[in-house]
Amino acid sequence: MKRRRTNRCGLPRPVTLNQLADCLWAGLGITGFVRTEASVLPLKMTPSGGARNPFEAFLIARNVEGLDPGVYHYAAIGHSLGLVNADYSPSFSELLAGQEWADTMQVLVVLVASLNRTAWKYKDANAYRVVLIEAGHIGQNMMLACTNNELTACPTAALAHSRLRTLFGIESLADVPMYAIAIGHPGVDPDEVIPVEDFLNKGWKPGAMPELP
Numbered sequence: 010m011k012r013r014r015t016n017r018c019g020l021p022r023p024v025t026l027n028q029l030a031d032c033l034w035a036g037l038g039i040t041g042f043v044r045t046e047a048s049v050l051p052l053k054m055t056p057s058g059g060a061r062n063p064f065e066a067f068l069i070a071r072n073v074e075g076l077d078p079g080v081y082h083y084a085a086i087g088h089s090l091g092l093v094n095a096d097y098s099p100s101f102s103e104l105l106a107g108q109e110w111a112d113t114m115q116v117l118v119v120l121v122a123s124l125n126r127t128a129w130k131y132k133d134a135n136a137y138r139v140v141l142i143e144a145g146h147i148g149q150n151m152m153l154a155c156t157n158n159e160l161t162a163c164p165t166a167a168l169a170h171s172r173l174r175t176l177f178g179i180e181s182l183a184d185v186p187m188y189a190i191a192i193g194h195p196g197v198d199p200d201e202v203i204p205v206e207d208f209l210n211k212g213w214k215p216g217a218m219p220e221l222p
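According to my numbering, the sequence shown is numbered sequentially starting from 10.
There could be a bad hint or two in this list.
What the hints assert, rightly or not - Cβ pair distances, simulated, as ranges:
(1) L92 <-> G145: 22 to 30 Å
(2) L20 <-> S181: 20 to 28 Å
(3) N135 <-> S100: 31 to 39 Å
(4) D77 <-> D207: 44 to 52 Å
(5) L141 <-> V43: 23 to 31 Å
(6) V197 <-> G87: 35 to 43 Å
(7) G41 <-> E159: 27 to 35 Å
(8) H170 <-> G145: 28 to 36 Å
(9) S89 <-> S181: 19 to 27 Å
(10) S98 <-> V205: 42 to 50 Å
(11) I39 <-> A106: 26 to 34 Å
Bear in mind the hints are in silico, worked out from the structure with no lab data behind them.
Glycine included, every Cβ here is placed at the ideal spot set by N, Cα and C.
Input sequences plus hints: build the corresponding full structure.
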């Protein structure tokens, strides 16, 4: 967790299929099932409001060793990828509202929320919040897995929604691209990271608060 950084400078090296699989599993993998009075529910890597599990993941593989370039859907049951479209023409920056740094990355994972799954159980419009919170849970797990695999993972919510919907073949207005994570090999990070100890030694004091172990 301490090593996680958003490094938007990617190297032109392929991500391996094993690395990608580990990141997808960390965010959306199913670890088991539990039987309730109403149904059988999957147990996943992150908590989900009302156990509704509204998120699906689509990914655009540009340079993945062991995987043909194209658009894929991740199936958590079976931990597998299904080809959606072998022909993708937009650059990553076009899909991410003009963010040019994304073109240095090798994979783009997009979390798509099926809002009807949550609305089926919760009629209050405020239930929308738990969907957004869950996107953060999933994204953080994926980013930590990327860090563990020596990759950089850059999250963004600046999306070209219409283009993504067309690319993924999404028709329902209740299925919404919410969050994207661009993955690649980290290049030179232009930002100097100052260790906490050095920062405190330069004179900044947080105030008279007890220190934690």
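Results for each hint:
no. : hint                      : result
1   : L92 <-> G145: 22 to 30 Å  : holds, 29 Å
2   : L20 <-> S181: 20 to 28 Å  : violated, 38 Å
3   : N135 <-> S100: 31 to 39 Å : holds, 37 Å
4   : D77 <-> D207: 44 to 52 Å  : holds, 46 Å
5   : L141 <-> V43: 23 to 31 Å  : holds, 25 Å
6   : V197 <-> G87: 35 to 43 Å  : holds, 39 Å
7   : G41 <-> E159: 27 to 35 Å  : holds, 29 Å
8   : H170 <-> G145: 28 to 36 Å : violated, 19 Å
9   : S89 <-> S181: 19 to 27 Å  : holds, 23 Å
10  : S98 <-> V205: 42 to 50 Å  : holds, 45 Å
11  : I39 <-> A106: 26 to 34 Å  : holds, 32 Å
Comparing the model with each numbered hint stated earlier shows that hints 2 and 8 do not hold.
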